[in-house]
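Produce the entire structure from the sequences given, and follow the hints as far as they go.
Protein chains in written order, with the numbering used here: chain B, 1018 to 1266; chain L, 16 to 457.
For the record, the hints were derived by calculation from the structure and aren't laboratory data.
One thing to keep in mind: the hints can contain errors.
[Claimed, not checked] Stretches of chain L that chain B covers, calculated by requiring three or more beta carbons in the stretch to come under 8 Å of a beta carbon on chain B:
id, stretch
1, 70-78
2, 145-158
3, 163-171
4, 180-189
5, 354-366
[As the list claims (entries may be wrong)] In silico DSS-like pairs for lysine-lysine, Cα to Cα no more than 25 Å straight-line:
id, chain 1, residue 1, chain 2, residue 2
6, L, Lys415, B, Lys1019
7, B, Lys1123, L, Lys415
8, L, Lys390, B, Lys1251
9, B, Lys1186, B, Lys1166
10, L, Lys139, B, Lys1044
11, L, Lys139, B, Lys1022
12, B, Lys1166, B, Lys1019
13, B, Lys1251, L, Lys369
14, L, Lys22, B, Lys1123
15, L, Lys415, L, Lys22
16, B, Lys1166, B, Lys1095
17, L, Lys369, B, Lys1123
[Stated by the list, open to error] Stretch-level coverage of chain B by chain L, calculated; a stretch enters the list once three of its residues show a Cβ under 8 Å from a Cβ in chain L:
id, stretch
18, 1043-1050
19, 1103-1113
20, 1190-1198
21, 1227-1237
22, 1243-1256
No residue lacks a Cβ here, since even glycine has one placed at the ideal position from N, Cα and C.
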Amino acid sequence: MKRPKVAFFDFACCEGCQLQIANMGEKLLDILDSIEVVEFREIMSEKWDQSYDIAIIEGSITTNHAVELIKEIRRRSKVIIAYGSCATIAGVNGMKNSYKLDEIRKYVYGDKASEFDTIPTMPVHQVIHVDYFIHNCPVYPPEVIEVLKAALAGLPYHVSDKAVCVECKLNENICMYDRGTTCLGPITRSGCNSWCINNGNICYGCRGMVSNPNKNGFREVLDGYDISLDLIIKKMDMYNKCRENDRNE
Amino acid sequence: MSEKNIKIKVEYLTRVEGHGNIVVDIADGRLEKCELNIVEAPRFFEGMLIGRSIFEAQHITSRICGICACGHTLASIQAAEDAIGFNPSSQTMILRQLLLDMEILDSHILHIYLLAAPDLLGVKSFIPLIDSHNSVVRRALRMKKTCNDICEILVGRHVHPISCIVGGFTKIPGEKELDLMLSLLTGMRPDMEATLELISSLPFPSFERETEYVALVNDGPGYPLLEGDIGSSDGVRMDKIDYKKITNEYIVDHSTAKRARLSRDSYLVGALARYNLNGSKLSGKSLEAARTLGLKAKITNPYLNTAAQLVECVECLEDSIKIVESLKNTGTDRSQELVVGLNESGIIHVRAGKGAGAVEVPRGTLFHYYEIDEKGIIINADCVIPTSQNTGNIESDMRKLVPEILDRSREEITLALEMLVRAYDPCISCSAHFLEVRFVSK
Chain B
1018 MKRPKVAFFD FACCEGCQLQ IANMGEKLLD ILDSIEVVEF REIMSEKWDQ SYDIAIIEGS
1078 ITTNHAVELI KEIRRRSKVI IAYGSCATIA GVNGMKNSYK LDEIRKYVYG DKASEFDTIP
1138 TMPVHQVIHV DYFIHNCPVY PPEVIEVLKA ALAGLPYHVS DKAVCVECKL NENICMYDRG
1198 TTCLGPITRS GCNSWCINNG NICYGCRGMV SNPNKNGFRE VLDGYDISLD LIIKKMDMYN
1258 KCRENDRNE
Chain L
16 MSEKNIKIKV EYLTRVEGHG NIVVDIADGR LEKCELNIVE APRFFEGMLI GRSIFEAQHI
76 TSRICGICAC GHTLASIQAA EDAIGFNPSS QTMILRQLLL DMEILDSHIL HIYLLAAPDL
136 LGVKSFIPLI DSHNSVVRRA LRMKKTCNDI CEILVGRHVH PISCIVGGFT KIPGEKELDL
196 MLSLLTGMRP DMEATLELIS SLPFPSFERE TEYVALVNDG PGYPLLEGDI GSSDGVRMDK
256 IDYKKITNEY IVDHSTAKRA RLSRDSYLVG ALARYNLNGS KLSGKSLEAA RTLGLKAKIT
316 NPYLNTAAQL VECVECLEDS IKIVESLKNT GTDRSQELVV GLNESGIIHV RAGKGAGAVE
376 VPRGTLFHYY EIDEKGIIIN ADCVIPTSQN TGNIESDMRK LVPEILDRSR EEITLALEML
436 VRAYDPCISC SAHFLEVRFV SK
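Set out below in structure tokens:
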């Protein structure tokens, strides 16, 4: 069988999701056996100028140049996988949208601010059609394998729409609210096997919100622990600021 | 060759972390232009921190960089704790040193094997090495995974650590976890010896340019990575809170990363600087490794940064083994596990203040600085990244190197420049937050 041609592209991001692949160890060689990596700037000098069977996109779209580039990648690719929170929901890059662009540019780059091209942050699907989503910051390796298998076989991949709490309960963690802190588990998509809570921290909502969050239930939890909505909204905006531009959600 | 006209523009330099370009313009054998342009999309991290809780700073700033997420975590926590006046326990400091050892080891292995070695072996990436040097690739992936596995035990994962926070750790390894870490670490020794054998057999390009070297220094024993004053080979020594007097950041037109200078036009941070300033503090296996590699301070060939990184790999592996062995002897106090979140329960006392963190991360000294109000809300934030500090120095190296190799072909000059930039192991996502070399010979 001819191995599908796969390319990796990175936009505004920390490149940590690419690293998650390198972190798979010798298992990585098994994956490389089943695909042909034709472009991967961080680890390869080779470049490819033809079409891709699968393009894996990391990072958010934050400049006019990136908008043009991602459209070109879409034209050349049969399948697009948005890879990691920055690509799927814009992740932490979205926080920028809470500020006036001119002000935040000036704050970071002073009187040279005008030289830095920046537009409101967008996840990939707000610019082009995306075929598969691999959420999480960073991506969760077992899910990466599952989505790759689905994409290679041409099958759909279903992203869980249940809350993180479901997995968290199965893992028998003590509820973070009972431990005196707020947690975004009740309104965040599961699929990470409650990674952060298993390690003693709270959920920050990096997979995006479930499509139909139990608002009243969550409000009751917040009221029960006397926690202000304002605090939670700010917390939600850490990863989910760009959701407000998703018309269908 | 004095009539030579060459334009080089390497767009999107490969095998570096982030986006950058090299632009070189030689007219009539004279170097007209020599720039390292950082073109990474700016992400405005410092701006995004304003108005947020100091207890969110670690989580957010970790996302500046996937490779040095643990380094950002440690610098952020140090700055935050300095600002609120919190003193971490000695157990916390020991576990943080272990995390930093793993961070440096993991990142250096990635750079030595996957990013730098293909140049030394004359191929374009590690992919052809899978066939030609399969056991080498497997060794690299195995070593990298071991670091990752230890980070998983210690802090949940290596990319964006979960349990290392302001105040301490949300989980602390017990006896079982310590045993597992020790067996993974000691199991890495044969691979480390094989790495040393491989790298000491490879020829590094020769090129010398003396510059100012900057790294953390302290008066205690051991190779300083987590704590210290900021020192330079030109005799500067300052407290970390005065980091701005070290970095003196400025913006150049062709780059989204800021630059730095101290006593001269530019300075160097990273493994080479640390070795030059603190190499005398190495002992045992890391001292032997430096001898095997033929290193002797002061090293003025920037290509040897990769070799200095390998010495640090040995140092970090041996130091981490020592730490885990001593934790096994004393046992760990798991009652120190803490849940802070946004400090809703007020378990950590907060005051208005300002604080700085200075940590040696894989590519050099990383500074974080925060000012907070009495509720712990961030009112001012600043991060100075190693690669931004190095960029000016890389350009200075390029300006000296190009005239020395003008008799070579365009391809050879380009490769020498790319290798030079890669030797610095630039982390461009961090510094803009960068690379482009385009050759147009007339």
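Structure-based check of each hint:
1. 70-78: The restraint on the stretch 70-78 of chain L holds, since 4 of its residues have a Cβ under 8 Å from chain B and three suffice.
2. 145-158: Coverage by chain B holds here, the residue count being 5 at a Cβ distance below 8 Å.
3. 163-171: holds (count 3)
4. 180-189: Coverage by chain B holds here, the residue count being 4 at a Cβ distance below 8 Å.
5. 354-366: As far as the stretch 354-366 of chain L goes, the hint holds, because 7 residues have Cβ atoms under 8 Å from chain B.
6. L:Lys415 x B:Lys1019: Outside the cut-off at roughly 48 Å; violated.
7. B:Lys1123 x L:Lys415: violated, 35 Å
8. L:Lys390 x B:Lys1251: holds, 16 Å
9. B:Lys1186 x B:Lys1166: violated, 28 Å
10. L:Lys139 x B:Lys1044: Status holds; Cα separation ~22 Å.
11. L:Lys139 x B:Lys1022: holds, 18 Å
12. B:Lys1166 x B:Lys1019: Distance ~16 Å between B:Lys1166 and B:Lys1019 Cα, so the pair holds.
13. B:Lys1251 x L:Lys369: The hint holds at about 23 Å.
14. L:Lys22 x B:Lys1123: violated, 34 Å
15. L:Lys415 x L:Lys22: Distance ~17 Å between L:Lys415 and L:Lys22 Cα, so the pair holds.
16. B:Lys1166 x B:Lys1095: holds, 16 Å
17. L:Lys369 x B:Lys1123: holds, 22 Å
18. 1043-1050: Answer holds; 4 residues pass the 8 Å Cβ test.
19. 1103-1113: holds (count 5)
20. 1190-1198: With 4 residues in contact (Cβ-Cβ under 8 Å with chain L), the coverage given for the stretch 1190-1198 of chain B holds.
21. 1227-1237: That given contact is violated, which follows from only 0 residues of the stretch 1227-1237 of chain B lying within Cβ reach (below 8 Å) of chain L.
22. 1243-1256: holds (count 5)
When each numbered hint is compared with the structure, violations occur for hints 6, 7, 9, 14 and 21.
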